[in-house]
Every structure is written in structure tokens, then in C-alpha cells.
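When you get a sec, could you build the whole thing from the sequences and use the hints?
Residue numbers (the numbering used here), protein chains in the order written: chain A, 1 to 197; chain B, 1 to 197; chain C, 1 to 197; chain D, 1 to 197.
Calculated directly from the structure, the hints in this document are not laboratory data.
In this text, all values refer to a predicted model and were calculated from it rather than measured experimentally.
Incorrect hints may have been included.
Which copy? The list can't say, so a pair holds if one copy fits it or any two copies do.
With a Cα cut of at most 16 Å, we get these calculated EDC-like pairs of lysine to aspartate or glutamate [to be verified]:
hint, residue 1, residue 2
1, Lys145, Glu28
2, Lys145, Glu74
3, Lys145, Glu133
Here is what each chain is made of, one letter per residue.
Number of protein chains: 4
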Amino acid sequence: MSQLTFIFAAMNAGKSTLLLQAAHNYVERGMAVELYTAALDTRAGLGVIRSRLGIERGASTFNADTVFDHRILERDTACLLIDESQFLRPVQVRQLHRLAHTSQVPIRCYGLRSDFLGHPFAGSAALLTLADEFEEVRAVCGCGKKATMNARLDATGARVSAGEQTLIGGNERYIAMCPRCFYLDSAGEQDAQSTAA
Amino acid sequence: MSQLTFIFAAMNAGKSTLLLQAAHNYVERGMAVELYTAALDTRAGLGVIRSRLGIERGASTFNADTVFDHRILERDTACLLIDESQFLRPVQVRQLHRLAHTSQVPIRCYGLRSDFLGHPFAGSAALLTLADEFEEVRAVCGCGKKATMNARLDATGARVSAGEQTLIGGNERYIAMCPRCFYLDSAGEQDAQSTAA
Amino acid sequence: MSQLTFIFAAMNAGKSTLLLQAAHNYVERGMAVELYTAALDTRAGLGVIRSRLGIERGASTFNADTVFDHRILERDTACLLIDESQFLRPVQVRQLHRLAHTSQVPIRCYGLRSDFLGHPFAGSAALLTLADEFEEVRAVCGCGKKATMNARLDATGARVSAGEQTLIGGNERYIAMCPRCFYLDSAGEQDAQSTAA
Amino acid sequence: MSQLTFIFAAMNAGKSTLLLQAAHNYVERGMAVELYTAALDTRAGLGVIRSRLGIERGASTFNADTVFDHRILERDTACLLIDESQFLRPVQVRQLHRLAHTSQVPIRCYGLRSDFLGHPFAGSAALLTLADEFEEVRAVCGCGKKATMNARLDATGARVSAGEQTLIGGNERYIAMCPRCFYLDSAGEQDAQSTAA
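Right, here's the structure in full:
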């Protein structure tokens, strides 16, 4: 019986490190893994998963047209690991969930829960709705509490509260925050009006 | 530091029992609680949370216009517990998340993750995106595995695969299923086409 | 593939309510369950599991001589549920762990983690060491934080810091506390010396 | 409010990688961390935490005499991270639990749950009894299931079922197994007799 697991965290918590360690664990035991990452995230190069601790591994890429059915699994695949899974479409998450439960291959998706405004990514919402297991990777806020939110910063380091949901970037563009800091700093105040009624 | 916790499960797992037990634990220690349930769910009567084990408690009701800010909290409220929270609107979940992190009152929301087609409820997707902690209540499928999906049945007990997302009902209308049974029975096959591409 | 799950909490969190709800879920789906509780806990009568919310169910009892191997399982048992599992002997936990993984019957043990001095029960330590999954039931301290410790009270309500590990009782004899309150009240101070070096 | 978290897994799951990533997350946000590892584990050199993915960091060492009270915390320590925590003594775990709840410094202990015979390490049993939160790092068995047990191998790769609890080693000496494989291979059979009554 295999499952779909969603491993989530705020930005810069080490999701890619965990993915690479999980892959290493399978390979070390002589088992084959398949890695995917989003085609639109080329920070480390196309089809490369790289951790901020300096380790990396090649991966296939997915885009909006990728169909995750039996055909993507190699015969001996022991585990399918997908990074940047917030960029999956809901229908692709549904395919992965079905695939996990109709093949015997466990599927581990790594990604963010919310965007820079605290709103769901459609792919993450689907993963949170369907996944059999969750694993949270602990990110830390500047105040020391658990960070679950992602704030976007402009070039001066000030928080941005408008813009496209998808804007690829790392430390220089995003900062993980606990909800209290997220709501109570200046940009947070503007948020208050938008959720008043 | 208080938090927003989302306690989720498939249908008929005992979410209301857990809510009533959590409320009992606070009251037993001399602490005041506030209970809410959805105005649109009058199975046990308006503003009544009842468990299938026969225990019940009165509750305030929420509807689409309810604003969950400081004004709903009594001065001595030690915990706010909300049943049928899949019927919250995303903006209400945002208010609850902000309230948990700016008042010192922990907030516990109990509800379903997905509807009878395996699609997210908007309120649940928001709770899954923002909640600080998750607690899963284990429901069991007819095959014995963990049930995470909810299938809707018609009066003859056959699965229904079209209809409104919201249709209030209990055992007679819904059955909890594991993903494998959900996908592999007849209705599941029709689902396969819809997620093929 | 079945598993051994340890559902733990501090005193008075509602562990028995959860056990009775889980049993109800199986029976409601037409599946048979087997219930066990400790012979030495006769608060609700010998072989009765009763929740403080007033619901109860009959159960077989276990003592130090009970051997948990295939012979205790009825042919159609879908789940084995054991209350007061802190009173199991480590060898019995080992038998249950083996049974869960060599039969196809999931086993759910409900119990405390620590005694009134914060020390492990041998049975709980074995469950915490071997169980495949944990589920924590949230108990609340008088200060509102999560309670994970159990303090014992004498007839006047004062904390007791010496005595037998096993002394059956409920609300009148035990109170759940968060670690901070457990360590910082008077009895907690005496504890400080004992852990200084 | 800070907490004691126990991050556990079977052998070779990547516990040290996670510890080093967590430390990196704090340092990247300009916050100071303190790292400890067991003096008796010199595989990577005395006072070095090294991950099998090739990353490492210096650490203080603890032994049986180390007292974990306020004096070990530097003024600006934002998090205390301890590797190989199965080698802590129960009284040291008690000190760490008290320290987490009386200072404002979160403490994260990384370690094994059970030894090569499936028995608790005393330090792990204490951590499992007292820790406020658990995080499990998934290790994989040769059969693909989740590995929670640790088998010891001799120089020929055969399982060993007798010997000292503490024998430092890595891949060459230990292999992570799921309970079913642990119990059902030859060495597992001998184990059956020892737990029969």
C-alpha cells in the first residue's frame, strides 16, 4: 500500500535538502528513484534540484502539460519525489494521488503552502486536500517562532503586498515569517482591511 | 502564544465527539469556551453540536456574514471551537488565523477536507493553507484502510458523481472511503477520464 | 499492511472517549472490534471502558500474564483497541508490535506517557519505542497551555511528590499540567534538586 | 514559549542532515545556535556533526557528566540542537526539558528510538516520555516500507542478535528495517521465543 505524502514548509526551510536526503536513502539501499522539479524554476539550472547546503541532483521537469500516470514510472521506480510541487495543477495532483494508490510506488511532493499574500497555491491546496500524510519542515521567523508564512520583499528589503502569485526567487526575494509578525508589521495592517468583512 | 488548529477527517470519524470532549476538558478545569457550528447544518437542530455517540452541546451559529474578529470573543474565553468548519469562507478563516495570533485565544476548527468528488471545500483549503497545527481523526474504509475520501450515495446506496457540493447529510448519504476504493469502484472509473489530461 | 498506533495524552484528555469513538466507527461499518482494558483499573467496574462523557463499552481485561499473540484475535477482528496501555509490560508491547505486523489487524493502544513524577511507565516507554504511528490527544493545563504532565494530588488538593507509581484514580487524584507549571510550582522545586546532577 | 522537540528515525535516515539544515536556517537569519553531539561518537572526529551527504559542522560534546542547565546557554542562543541524543542519560533529558520550559530557548534533540534488538535507549525513552513535539524522519526498508527498526550486522553482513547496546557504527554495521522484515527474517525468529511469554 503506497501513499501520497506532502512535505511542506515556508520558504528557506530546507525542503530541497530533505528531498535530496530521501532520494539518497533509497539509492543507498540499491533502490531507484525518479525526481521531478518545476520547469519554470531554473534558479539552479533547468532540471536541477539544489539545496542551499550545496548538494544537488538532476531531475526531470514538469509543466502544465505533464500527465502523471503509469507511463511516467520506470519499471523499477521505488519512489517518485517532486520538488516545487506548489506549481502542480490540481488535476496533476489528482493524477499523482490516483497513481500512488493504484501503483505500489510512494509519491513524495515537496512545496510551499501559501504565497506571499498568504493565499493558497492551487497545487498546494489540492495536495493538502488529498495527501495521505503530511510532514512539516520547521522554518524559523526572525522572532524565533515557527514560520508558516512567506513575505515577498522588493530590492530594498521592504515587504511587497501586490503582484503576480508566481515570481521565482530565494532568500533575496522571500522571507519566512510567523503569522503574528506577518499580520502585525506594516504590510500586515493593509491586509487587515482586506479581511475585515 | 496561541494557534489555529485544524482537526480534519473523512465523514463519520467522530469530529464532533472530539470537539465536545475538548470543550469538556476546558470546562472541567473551570475555563470558558465558545462553540460555533454552521447555521446551514440543522441535523441536530439550529445551533446544536451532536455526536453520533449521543452527546451534544449548544453552540452559536455562523453564516457567510459572520465576522470573526475580537468582538466575538467573550472576555474570559479560553478556547474557541468551531464545527463544520468546511463551510467557513476563506476570508473568515483568515480572520480566525489573525485572531488566534493577535488575541491569546487558541482556535480549534473541525471539518472535512474534501467533498464527495474529492475536491476541496474553499473553507477547508484555507484552513489547510493557514493552520499552525493539524490533527487527523482516523476514519476507516470498508476495506479496513484509513479513509480520507467521502463518497455520496443516493437513496439506493449507489454512488453519486454529480451534484451540488453542499448537501447536508450523515451516514445515510455519505460513506468514508480509502483512496484506492474511491478510485477503483465504478464511479471512480468515470473520475479517471476527468483527470486523464 | 497493519500498524501499531499509540494514542497518548495526559490525564483527563478524553483517551477513552476516542477509543470508544474509534470502536463505534468500525462497528458502524459492520466490522468487528476487540477491546481490552487493564484488570487493575476497576473504576468503571471490571472490564468496562467508560468515558467521562458518559459513554461506555464492555472489554476483555489484561494482566501481567496475558499473552498477546494470534490466539487472542477472533477470526473476523478488524481492529484491536487497548485502553490503559501504560499498564502493559514491555514484553506484551513487543508481542502486540509483532502481532500488528504479522497479522493484518491494526492495533490501537491508548494510554499515558508519564507518571506523577514525570517518569516513564515501562509499557508506555515500550510503546513509544516501537509504535509505527503516534496520535496525541490534547489536554489543557490550568494556564491554558498544552498539558503533557500528570501531577498527583492528595485529599487536600496539594501535590504529592512521593509514592507508588501505580495508584488508580481520576480527576480527584490527578491533574494535567504543562511542563512549565509542573516544574515551577512548589513540588516542582523539589524536583529541581533531584535533577541537578 | 519554547519546547523540547525529539526528531527521531531509524539508522541512516538523515537525522544529522536535518540538524545541520535547521542550524543553517537559524544562522541564515542572523540567529546564534549551539550544537552538541555525543563525545563517544568520533566517527567524524571529536565534536563534529557530519551528514552522509557530505556537510558538517563543529559541535560541543556531551558525556555522562554534562549538566544541561542555564549555564550551558550563551546569552544569545536562539536554539540548542543535540545530535546522537539516544546517548543522553534520563536525568540529562529531564534537565533539557526543564531548560526548554524555563528559558525561552527551543531545544531540538535528534536520535534513534531503539537499539539493534528493538529495545529502548534510556535517553530516547526519556525523550519520548517528555518531549513536547515529535518529528519523524522517514527511513526506508529494503522492501520499500517505512523502516523503524535497526538491525546490527557482522562483518559478513549477517544479523547479530547479541552484544553490547552501544557499538558505534554506520552503514557498514547497521541497517534500517521495517518491523515485518525485522521480525520475520531468521534473527527475528529467535526473537519470537524471547517474547513468547
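Hint check results:
Within a single copy, Lys145 and Glu28 get their C-alpha atoms only as close as 35 Å, which misses the 16 Å cut-off; across copies the closest is 15 Å, which meets it. When the C-alpha separation of Lys145 and Glu74 is checked against a cutoff of 16 Å, the pair qualifies neither within a copy, at 42 Å, nor between copies, at 19 Å. Proximity of Lys145 and Glu133 under a CA criterion of 16 Å is satisfied inter-copy only: 14 Å between copies versus 24 Å inside one chain copy.
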